[in-house]
Each structure stands twice: as C-alpha cells, then as structure tokens.
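Engineer: Letter by letter, the chains look like this.
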Amino acid sequence: MKKEIITGSLESSDCLIRVAPADSLEIELETVVREGYYDHIKKLLEETVRAEEVDRVRIVCQDRGALDYTIKARLRVALRKFKEEGHG
Amino acid sequence: MTFKTLAALFDELPLHDGMTVSFHHHLRDGDAVMNTILEAMEERDVKDIHLRASALFPVHTVAERLVAAGRIERITTNYMNGPLALLVSKGSLRGEVVMQTHGGRARSLIDNERPVDVAFLAAAAVDRDGNATGREGKNPFGSMGYAVEDALHAAVTVIVTDTVLDEPLTNPQIPAREVDHILLVDAIGDAQGIMSGTLEMTKDPLGKRIARDAVGLLDALGIFRDGVSFQSGAGGTSLAISAGFNRILAERGLTASFFSGGITRYQVEALEEGLVERLYDVQCFDDVAVASLARNDNHIAISASRYANPKDPERIIKDLDVVILGASQVDVDFNVNVTTDSYGRIIGGSGGHADTAEEAKLTVIVAPLFRGRTPLIVDRVRTITTPGKDVDCLVTERGIAVNPARKDLQDRLREQKVPFFTIEELQDICHRFTGRPAETKRHDRIGQVESRHGTEQDTLHKIKGE
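Protein chains in written order, with my numbering: chain H, 1 to 88; chain C, 1001 to 1466.
Among these hints, one or two may not hold up.
[Stated by the list, open to error] Below are the BS3-like pairs computed for lysine-lysine, each with C-alpha atoms no more than 30 Å apart in a straight line:
#	chain 1	residue 1	chain 2	residue 2
1	C	K1203	H	K72
2	C	K1441	H	K43
3	C	K1090	H	K42
4	C	K1464	H	K42
5	C	K1462	H	K43
6	C	K1407	C	K1318
7	H	K3	H	K83
8	C	K1441	H	K72
9	C	K1441	H	K42
Bear in mind the hints are in silico, worked out from the structure with no lab data behind them.
Please model the entire structure based on the sequences and the hints provided.
Structural biologist: Shown next, in the form of structure tokens:
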C-alpha cells in the first residue's frame, strides 16, 4: 500500500488534505465553519476533483477556516502528486 | 467580624438554597476567591445557587463543575469565556443566563433587582478598621470599581483578603461601614493573572492597518483638540489606536481631558507625559496601571456606577467624546455582537461596550472583515449586544463604513476626501473572499442579553451539542 499524500496544515485559516487510493470517489470533510459553509466547501472539493479528472480516490479535508483559494490549491497539489505516482 | 477560617465564616452566614452570591473580576484569570467560596458552599450543600459575578474566566473551574452538577442554577454576569461559557451555551443551566453591561449591573444592584444575599469581594488589603483597597498588599490589582455597588447593596458583605495593614487606609475604595465580615486567606489569587488577554500592541499587519485607518478617521472627523476625552479597550488593535492617539496629541501639543474605562500602561504613559489630565479607572489591566493608581493623584479609581450607570448623574461616560470598541459580528443595521460567536456560542459579553457606545458622541467599531472564513458583516447578528443606533463607524482592513443615520459624519468625510463604503458594499467585499454563509437554525432559549436600562435586548440560544 502506498502512503497517503498530505498537503496543508492544521493552522488557523489553513486546511489539511489527505489523499489516498480508493475504489471510488470518497470525500470526507471536517470544518470549523460547518454550520455556515459545509455545503459550500463540499461542493468546492467536488468541483476541484472533477477538474483534475481523478475518480478513484479518498479525500479527507480537515478545514480550519481556510478560504476557497487555499482549499483549492491544497487539494490540487495533493491530486497532482497523486497522479504523478500513477494513481487516479 | 474577622475570620481566619472558611468554616468559622460559613457558620455565621445566612446560607440557604436559591441564594444569590456575588463576586467581582478584578483578578481576572488569576482569581482564587470564587473557587474557594463555591467549594465551601458545595460542602455546606447549598443548592440552586444564583451566581452573580461581574465576569467569569477559565480559572473559574469550580463554577464550571457546579454548573455541570446542577448546583449553580442560574448565572448573571457581564462577560464570560472559556469552558464555563461553552457549558452554559450548551444549555447546562437549569435556570437562565443573563448577560448584563457594566453600567447595567451597577444600576440593577442599586435598584435592588436580583438582590444579592452575600457579596464575597476580594480585596488586596484591609486596614485594622476593615477598610478595603485593591492598591496595596501581596496581590495588588488596583481599582475595585466593579465591587463597590456589591458592597453597598448586598445584604451581607464579606471582604476576602490576604493582607492586613497596620497603617490606616486614607482613601479606601470600600469603607469599613459597608463591610460585615472579613475572611483572611493565604492568597486571593495571583495578581499576575490580571494580565490575561492581549495587552500588547498588535504586530499583525491587518490590525496595524485598521489602527492606522481608525486614527486617520478620528483626525478627519476633527477629534484631535484640547480637552478631548477618549476610551479604548485592551485588545491589540485598540492599544495600537491608543498609541496612535497619544502620538498625535504629543505632536500637536494637545492635552486630552480624560481617558476612562480599563486602564493599561498606554494611558498611564500619556498621563505621565502630560498628554491627558485625568484617568478614570474602573479596572486596571496591567501592573503599570496598578502602580500608577497608587502614585498618581490624577489617576482616579471609580465605581462601576460612576463609570457607566445610566441612572448615575455623575457617570463619567456621559462626557465621553470617542470610544473605540471591537466586534465579533456587525450587521447591516450596525448592530454589534460581542457576546457570542456567529453560531451562538458565548465567547464574551458587553462589559462596558453597550454603555460607552450609547453615551459617547462618536462610537467606532474596529475589526477585521473576516476571521478565518467567518465574515464580520452579516445580515443579522446572532446576538445583539449593542444596538446599531449607538454605533457610528466601522473600520476594517478593507474599508470604512459610516452609519447612514450619521449624515453629519458622512458629509465631513466627503469634505475631507476620506473614502468610505456603505456597509452593504463592505459586506460584498467580504463575501468575495468568504462566500455567503448558509442560514443557521436557532435552538432552545437559554437566557438573555439585558440592556443597560434593564430591558431584554436579545435572546440567547442553546448551541447544538457536539
């Protein structure tokens, strides 16, 4: 089993993204702004994965109040590394 | 009577279920008195306690435990944070939580609303006659402003102290005639704990920019003149504004009439440099302020009533020109929330926020436009601490908004060519970064925010358990 790919951090205003191979697309989201933004961030994660054309992947996002561009950048880098390692 | 043990004191006190006990918060996160007293009440099996503390901090772990155990039935306070506030937000009290203002608390004590059975008041020292002070002793904390009305109006007043002075006190903040009992303890707490929270000027570039623009706003509005009066808080941005305020006074050779509220070294330095005539000190925020109070005649300790009671004809803040205040949320009607976070969790309280905002001629709110992803400006604040009619300007790192009710200020800024936005425009700028938050549900009522005049300002709701 290949080790999962990790980007980001658990600092305030950042997020930690973990990406690992899976049989289908799975997204798990934990966020400090759950009440106001859970659906918003979930949708952003889904759109970003779709744009990277990856579908057999498990993504775990632990969000500490990051803005859209941070989350998108963290996830994109993780997915690109994931593809470089021959997954996706 | 003077007692050397808790047991001997408690044998004398009129203990009963449902009793109201009061405390002040001058030792802030260094207070040991409340924990000691509440443990003794638990030992005597006093039930359904009504806790009336001027503020509650993370150090108050016994209060937390007694709320969880159902022994504390209700809480009336002006400010609370930490684990106890979280527990209350989750709906753990059987009775209600009431969040007052500093001035409103003084008013209600004088008006005998929610009367206090026993006030347990930490003093840094007493003299042989029983006069009490916060200035001298092993753990000096300075002004005892938030304890004065308790001492005057509680059925029984107990002074708790760790120092007895041989010399008589010349200017005690609580005179012996108001004191029924004295309890001697090893330590009332750790006076270093009063310096909790940020007491340094901000180094954060956003905070610095907000401070710079706030001082610029005051200048454009013509605030800087001889005799101006000013108040700001002890947060990092507020301190940077205080420093900027002092710098302009010094540069232009101006003298302010007074600074009021909680006092830090920034106000003390201004006093000692002759930039301000008087400091009216209801609470010392650091050891420099404590030392100054003992040394400077024009650094004057005042009671909560003299500070901010709306019914006190001598209240200091009726002459206040400018107040700088913070916010966890501001809404498009300029209502301000400093009581809860965006989701209703109690994280603070008015303190003097609503008092000074109502009285000052100019009320300026300073806050970052968003924290993490959480927007400052919302359609409706989760909890109204201070109503929008009392708020004039908002300064964020990305722009200033002026309450449309203050056309005079808007006209002046236009004349001075200082750019400003409508609050809706600022909200749009915020949403470009954060997105618009989803509507959130409100759960069961747990209590209320009480206005300084004693009316219900807003309702507090339980947060969803996690």
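Engineer: Checked against the structure, which of the hints given earlier come out wrong?
Structural biologist: Hints that this structure does not satisfy do not exist here, as all of them hold.
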